[in-house]
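Q: If you're matching them up, the sequences are chains B and X in order.
So the first sequence is numbered by the working numbering: it starts at 1 and just counts up by one.
So the second sequence is numbered by the working numbering: it starts at 279 and just counts up by one.
Keep in mind the hints are simulated off the structure, nothing from the lab.
Be careful, since some hints might not be right.
Below, in silico cross-link-like pairs of lysine-lysine (DSS-like), each with a Cα-Cα straight-line distance of 27 Å or less [unchecked claim]: (1) Lys158(B) / Lys282(X); (2) Lys959(X) / Lys238(B); (3) Lys952(X) / Lys277(B); (4) Lys225(B) / Lys277(B); (5) Lys504(X) / Lys94(B); (6) Lys952(X) / Lys271(B); (7) Lys686(X) / Lys94(B); (8) Lys686(X) / Lys245(B); (9) Lys238(B) / Lys808(X); (10) Lys431(X) / Lys282(X); (11) Lys77(B) / Lys88(B); (12) Lys763(X) / Lys101(B); (13) Lys514(X) / Lys88(B); (14) Lys232(B) / Lys695(X); (15) Lys94(B) / Lys514(X); (16) Lys60(B) / Lys39(B); (17) Lys101(B) / Lys514(X).
Derived coverage of chain B by chain X (criterion: at least 3 residues anywhere in the stretch with Cβ under 8 Å from a Cβ of chain X; other residues may be distant) [what the hints assert, rightly or not]: (18) 35-49; (19) 130-143; (20) 259-271.
Beta carbons: idealized from backbone N, C-alpha and C, even for Gly.
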Amino acid sequence: MNEAVNSGWSTGSTSVDIVIGLMLVTAIIILCVSILMLKVIKFYIKESTNPTRFATPEEKARLKQEEEAALALIPKKPSIWSKLMQLKPLEEEKDLVMEHKFDGIAELNNPTPAWFMVLFYATIIFAIGYLLNYHVFGTGKLQDEEYVVELEQAEEAKLAFLANPVNAASAVNENNIELSKEDAVIKSGASLFANRCTPCHGDHAQGIVGPNLTDEYWLHGGTVKEVFKTIKYGVPEKGMIAWEKSLSAQQIADITNYVLSLQGSNPAGAKAPQGDKL
Amino acid sequence: MTEKFYYDNKIVRNFAIATIVWGIVGMTVGLLVAMQLFKPALNMGSQYTTFGRIRPLHTNAVIFAFVGNAIFMGVYYSLQRLLKARMFSDALSSIHFWGWQLIIVATAITLPLGLTTAHEYAEMEWPIDIAITLIWVVFGINMFGTIIKRREKHMYVAIWFYIATFVTVAVLHITNSIQLPISAFKSYYLYAGVQDALVQWWYGHNAVAFFLTTPYLGMMYYYLPKMAGRPVYSYKLSILHFWSLIFIYIWAGPHHLLYTSLPGWAQSLGVAFSIMLIAPSWGGMINGLLTLRGAWDKVREDPKLKFMVVGITAYGMATFEGPMLALKQINAIAHYTDWIVAHVHVGALGWNGFLTFGILYWLIPRIFNTNLYSKKLASFHFWIGTLGIIFYAVPLYFAGFTQGLMWKEFTAEGVLKYPNFLETVIQIIPMYMLRALGGALYLIGVIVMTYNLYKTMVLGKLVANEPAEAQALTADYVAQGAEKKWHRVLERKPMVFMVLSLVVILIGGMIEMMPTFTIKSNVPTISSVKPYTPLELHGRDVYIREGCVNCHSQMIRPFRSETERYGEYSKAGEFVYDHPFLWGSKRTGPDLQREGGKYGNAWHYNHLYDPQTMSPGSIMPPYEWLIDQTLDTTTTVAKINAMRTLGVPYPEGFEYEANARLDEQAKAIAADLKQNNIKVKSDKEIIAIIAYLQRLGTDIKAK
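If we strip away everything but chain B, and leave its shape as in the complex, we get (with noise of 0.2 Å):
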């Protein structure tokens, strides 16, 4: 459904997932296959030291009855939920019913349980040591240190980045943008358009509340430069937004060289002209 939840728990390649997914698969099984082979050397052990008498239908009938007997005399054992949660018997619910009933309600005696009382003095320590950390051992870092160090890496991380020549694309700035009509640019630059820019300057870049973007007056400069700055960094005062936070250079080039591209178009219902001419 979207890749923001998957990229926690996948490792982004199919085929390593699929791998990893099967040896988890193989894994479980063998476990289990080697819990019953455990199962059938211990029966195996058992029979062939102390093997059990052949008997009758009628003999069997008569044994399991004796057993069953055997086994109500026995005292039940509590089940793994009582021990953990440190139930009483039932039973011996009558010895705690406390004397008082409120409109027919009783109450018993029972005490706190003690793995609950663990759990209180758990979270006790917990947040003492939590105001500890962050208060006066001063060991973690508040809010306003976490923002500073995130920033830090993220510049860290943005520069090893574009010191990898396989990103040079990405390393284009207002200083070093040239004018490209490669297809590939122009149609990435157009779809990018077609998203952010058609609100303002209109489908055509023909102009609504923004200014017409074919002709050849400009407001804040017409050459390559000067519209990637544009892009980049906007002019809020008048309205255009800076997009540098939210398009990657690359993409600020590829919109830059679409609108350049679209000289001369002459769309319909174009706006008049503002600003210089070219």
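With chain B held as given, fit chain X onto it using these hints.
A: Coordinates of chain X only, in the frame set by chain B:
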């Protein structure tokens, strides 16, 4: 010497009917707002039915009308029987009932009209706040009167919870409602910014604690053993979890304000106490579930008990999730998303809803002296209700998780992966549809219940006055043996008990609030932050009226993802003139704290007129009426004066020149719009709201 007396069942029936009626109303409005999230046109083009105005109607209707009436129903029935006494005064019971219904009606009228104070779950204007206080006191007198006139020496655990509820809600409501009125329907909170936020979330969190939790725990302690025919599991556990719950809960409010401008120490206290809250909350759950020990065979075939069991389980889940959400690492993803909405609805639909239904199915046949009309229909209600909760919660958890992560994701180039907020909204719209389906299933269940209970009522006849008899209390009581233990002694002294509860709940609130109010360093001032201009002040009030705060936050958290998206993170000193604070609690749209100067006036105009033109696919409804409606400037003087009383440094005599300044600023905006081919008169409300939006966050922007 036995005395004969009668229990008052009529008042119980009245509250029961009110519970059902308001439940259906509140949930229907809830369904409508849920559907508006994927189909904004369902506001029907009217300002009175847009999301911003009716979302508070939904929350207040469900909390105070549905749950409120259910509490009074549950208390009035159980209190009489646990104390072996009729309610103190039939007249007070009646005033309480009708007063509460009038308050609800007044709220249901005023909130859609846009008369709101913007404090979440306390949006009602000051006259209604006063009425709530008076009626709450009536309830208190009636309850304590009954307790004092009791024929039962000791107070049962349910009553401890009722007492704690009464005192704490009174303290919360009064502290949170301190306002300065400027007219019959408009007031400003005394506190501003950070302090206002702390008060509101101390209130908001503890409304959950002492309106949605403690009275229901009290009810559980009466109705569950009654239904199951089993003794309460542990008296010791009751004592331990009651006192620790009310003491610790009151501290946890600041966990709603993690990563905001609230001082760090207050945030940490909120987290620490939230974690300590797990065991006390679960104490109630295990005492309830273990009470069913030896009665699980009954649960299998009795729909009432099924409702109770799922309700208690939902309580257990929500009270485990709450402390987890209070951890800042989790809160950083979950806060402002639908995760929180899912979380509260597990509590509301599961715990409050299902317990209410269980009690209704048990109580109505009893006071009508008959049997439930149809067990099958009750069973159907149980299953469709459970399915409804699942369909509601699961998609919303997924939506919240998804959106929270999308907001934070960056590309390798160091740019936000989803810079356009709308992209993250469009992604979760299918989840909104499923959630509305879940809500619809739940509502169908309630309607089936209503039919079933109506048939039951027709089948029987109300026993308005149910005869009972009990020994009168003697004055010469001498405690023997176990009755001498300290808690047993306390259970015989209701007034001491009340005062002790009051002290216990006051400690946390005082320790957290006093320093924030009195120590200056907690809200460092910023000299460039100036009061709003008269036009911006009016624009802010339009923003409040339209309930914009329900979808837009004004609090940029110190995360890279947020400062990249919105700009510099919020500082405490920026909000010193904000009466009330408008930080919001859920982002359906982007944060607006640094909106000022980001777009031109024309952009805002077009966006308010038809959001889809500027943001294709937006789920914000159009606000056309702002263009037609004329701004009411007759209140300017009163508003400036009120602000000055609250400490906003407007110069002497400023109120008299305020309207001239307002006019000047409005004309400048209108002129700017005209340049962009938008013709609008300068005295329209839209000019004021644009002025406000353009001011937001600009005071500390680097020039």
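Q: Look at each hint and say if it fits the structure.
A: Now the hints, each set against the structure:
no., hint, verdict
1, Lys158(B) / Lys282(X), "83 Å, violated"
2, Lys959(X) / Lys238(B), "21 Å, holds"
3, Lys952(X) / Lys277(B), "25 Å, holds"
4, Lys225(B) / Lys277(B), "16 Å, holds"
5, Lys504(X) / Lys94(B), "18 Å, holds"
6, Lys952(X) / Lys271(B), "15 Å, holds"
7, Lys686(X) / Lys94(B), "58 Å, violated"
8, Lys686(X) / Lys245(B), "13 Å, holds"
9, Lys238(B) / Lys808(X), "24 Å, holds"
10, Lys431(X) / Lys282(X), "17 Å, holds"
11, Lys77(B) / Lys88(B), "12 Å, holds"
12, Lys763(X) / Lys101(B), "17 Å, holds"
13, Lys514(X) / Lys88(B), "15 Å, holds"
14, Lys232(B) / Lys695(X), "17 Å, holds"
15, Lys94(B) / Lys514(X), "17 Å, holds"
16, Lys60(B) / Lys39(B), "23 Å, holds"
17, Lys101(B) / Lys514(X), "16 Å, holds"
18, 35-49, "violated (count 0)"
19, 130-143, "holds (count 6)"
20, 259-271, "violated (count 0)"
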